[in-house]
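K.L.:
Turn these sequences into a full structure, and let the hints steer you where they fit.
Chains as they are written, first to last, in the working numbering: chain A, 1 to 196; chain X, 1 to 368.
Any given hint might turn out to be false.
In silico lysine to aspartate or glutamate, EDC-like type, Cα no more than 16 Å apart, as pairs [as the list claims (entries may be wrong)]:
hint: 1; chain 1: A; residue 1: Lys49; chain 2: X; residue 2: Asp66
hint: 2; chain 1: A; residue 1: Lys49; chain 2: X; residue 2: Asp62
hint: 3; chain 1: X; residue 1: Lys241; chain 2: X; residue 2: Glu139
hint: 4; chain 1: A; residue 1: Lys174; chain 2: A; residue 2: Asp9
hint: 5; chain 1: X; residue 1: Lys241; chain 2: X; residue 2: Asp332
hint: 6; chain 1: X; residue 1: Lys341; chain 2: X; residue 2: Glu139
Hints were generated in silico from the structure; no laboratory data involved.
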Amino acid sequence: MARMKFLCDAERCIECQACVTACKNEHEVPWGVNRRRVIVMNDGRPGEKSVSVACMHCTDAPCAAVCPVDCFYTTADGIVLHDKDLCIGCGYCFYACPFGAPQFPQQTAFGVRGKMDKCTFCAGGPETAGSRAELIKYGTNRVAEGKLPLCAEMCATKALLAGDGDIVADIYRKRVMTRGGRPQTWGWQAAYGEDA
Amino acid sequence: MHAHNPSARAQRRWRATLWSIVAIIVLAIALPSISYVMAQTSGAYGGQRDFTEDRATNPRSDMWRDAREGSGGYTTQTGPYITNTMISNVGENWRQIRTGPLVTYGGWALVVVLALISLFAVVKGRIRIEGGRSGMTVERWKAYERFLHWFTALSFVVLAITGLSLLFGRYVLIPLFGHSGFATYAQFAYNVHNALGLFFSVAVLLMIVLWIRHNIPNKTDLQWFRQGGGIIGNKHPSAGKVNGGEKVWFWLGVVVLGLTVIISGFILLFPNMGFQTREIMAWSQVVHAVAALVWIALFFGHAYIGTIGTEGAFEGMARGRVDTNWAKQHHDLWYEEIVAKGEKPVPEDELRRQKEAPPVRVEGQTGH
Chain A
1 MARMKFLCDA
11 ERCIECQACV
21 TACKNEHEVP
31 WGVNRRRVIV
41 MNDGRPGEKS
51 VSVACMHCTD
61 APCAAVCPVD
71 CFYTTADGIV
81 LHDKDLCIGC
91 GYCFYACPFG
101 APQFPQQTAF
111 GVRGKMDKCT
121 FCAGGPETAG
131 SRAELIKYGT
141 NRVAEGKLPL
151 CAEMCATKAL
161 LAGDGDIVAD
171 IYRKRVMTRG
181 GRPQTWGWQA
191 AYGEDA
Chain X
1 MHAHNPSARA
11 QRRWRATLWS
21 IVAIIVLAIA
31 LPSISYVMAQ
41 TSGAYGGQRD
51 FTEDRATNPR
61 SDMWRDAREG
71 SGGYTTQTGP
81 YITNTMISNV
91 GENWRQIRTG
101 PLVTYGGWAL
111 VVVLALISLF
121 AVVKGRIRIE
131 GGRSGMTVER
141 WKAYERFLHW
151 FTALSFVVLA
161 ITGLSLLFGR
171 YVLIPLFGHS
181 GFATYAQFAY
191 NVHNALGLFF
201 SVAVLLMIVL
211 WIRHNIPNKT
221 DLQWFRQGGG
231 IIGNKHPSAG
241 KVNGGEKVWF
251 WLGVVVLGLT
261 VIISGFILLF
271 PNMGFQTREI
281 MAWSQVVHAV
291 AALVWIALFF
301 GHAYIGTIGT
311 EGAFEGMARG
321 RVDTNWAKQH
331 HDLWYEEIVA
341 KGEKPVPEDE
351 LRRQKEAPPV
361 RVEGQTGH
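P.N.:
Structure representation (structure tokens):
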């Protein structure tokens, strides 16, 4: 069985935000809720690197461990999904997640947050695949149609990879072997010099 | 032929030991140096070869190390739950504590405390009023104090049940009610806990302000503790309106744990204040839960002593009046004080007559 994984190649990501836009549009994610975001390290400085971050579909997911109502489940493909009908909006998953993936539609007094929303790996939720209820609560279910997450499919530089962890790892391994592990031999420093 | 000389032999041995140690030290330095010198002179490893370029830290690794340590980057996305941190470390630590020791030790602590109290109840039994009831009562708690007490007590119980449900429900209630059954209740419990918490906080703060004057520690309390509060042994130590044990409940329970629960609860209740990072929220949750668990454990003791543990104690808070014999037994100094102030014990029969036939009816008021 495949074990679905995301991988963002920081040497290829150009911070174009296409993954973010694709995700928002595909799933009609409301304003203020961001299933995916691009984080730029050393922004504006030589050697800056950007990485697209969303739910990493952890094998031992901290969000699932702390959920008081146990609303998370892992699919046979290793995708971590949750049941919005069970979610009570306590926010614990957001505190536990290392990647800041869980999102909520509200942040108001008395801890009212609404139902948690996060990246589904374009695999919907517990509702019937392709149903209207699933579309409204979780967005489209591309995996059920045999497609991969749209963010990765859209990625112009193929920095963001999604799919079977073994295949994703193979692709990345080939890249590293081809270009070498050290940035002195290629990339920014090789093109513009050490001091650029 | 030399005579057998023990001191010369000892000296020889001593010298041999010393030389051996010197030889070991010299060889330990010399032997590795030889290979170093040989490598330098023979040129086998390129003598002057500079390894620094190969062994320099990969500049990229510093960035990844920063990311792993939770340093922030830049993100264009906005929203209340957007963070610029690539990897946050607090969550995993919090998860280990919340799903580990907090649930395990917290749960067992409550069970053990309940068991100990039950054991105490069985062994010691109810503390009776010495010499029975006198049939005469004095006022102990005024109506507004009782209202405050019972409002706080009722809120406390509701908050404890809803709070414990959120902490232990996954382990205890989901197997009973199933996922959707528990989630329906949990949503309700969550909202009730959050709404009631605010009113409870006000009541606790009011309690601190109103009752602090009764709870100033004094020498009588020391004596009270030295005699084990009269629970252990048969002596009845002196006490004012509030005894040493009740003062501990006040200071440790209401003041320290109460304020801890209120402050941490406030942080959790209003995530829209703007200062709550994930770290602050996660640790507030731990502080809130630990303080609440200790408070609940103490509450078990308080509730037992105030109800089935002590004959005649409950009515003081229920209807505000206590039997004079109970007062003399448990709060002798307070009883003397109020009698000296002119408070007259009223016989039960008279109170009952007053209740059945109110003596004066205010003119113009309609009754039936």
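K.L.:
Is the Cα-Cα distance between A:Lys49 and X:Asp66 16 Å or less?
P.N.:
Given pair A:Lys49, X:Asp66 holds - Cα atoms ~12 Å apart, limit 16 Å.
K.L.:
For a C-alpha distance cap of 16 Å, please report whether X:Lys241 and X:Asp332 respect it.
P.N.:
Given that 16 Å is the threshold and the Cα spacing comes to 8 Å, the pair holds.
K.L.:
Compare the distance between the alpha carbons of X:Lys241 and X:Glu139 with 16 Å, and conclude whether the hinted pair is satisfied.
P.N.:
OK: X:Lys241 and X:Glu139 at ~11 Å, within 16 Å.
K.L.:
Could you grab the alpha-carbon distance between X:Lys341 and X:Glu139 and see if it respects the 16 Å cut-off?
P.N.:
13 Å, holds
K.L.:
Take the C-alpha atoms of A:Lys174 and A:Asp9, compute the straight-line distance between them, and say whether it is at most 16 Å.
P.N.:
12 Å, holds
K.L.:
Are the Cα atoms of A:Lys49 and X:Asp62 separated by 16 Å or less?
P.N.:
Holds, because 12 Å separates the two Cα atoms, which is no more than 16 Å.
Taken one by one, the earlier hints all hold for this structure without exception.
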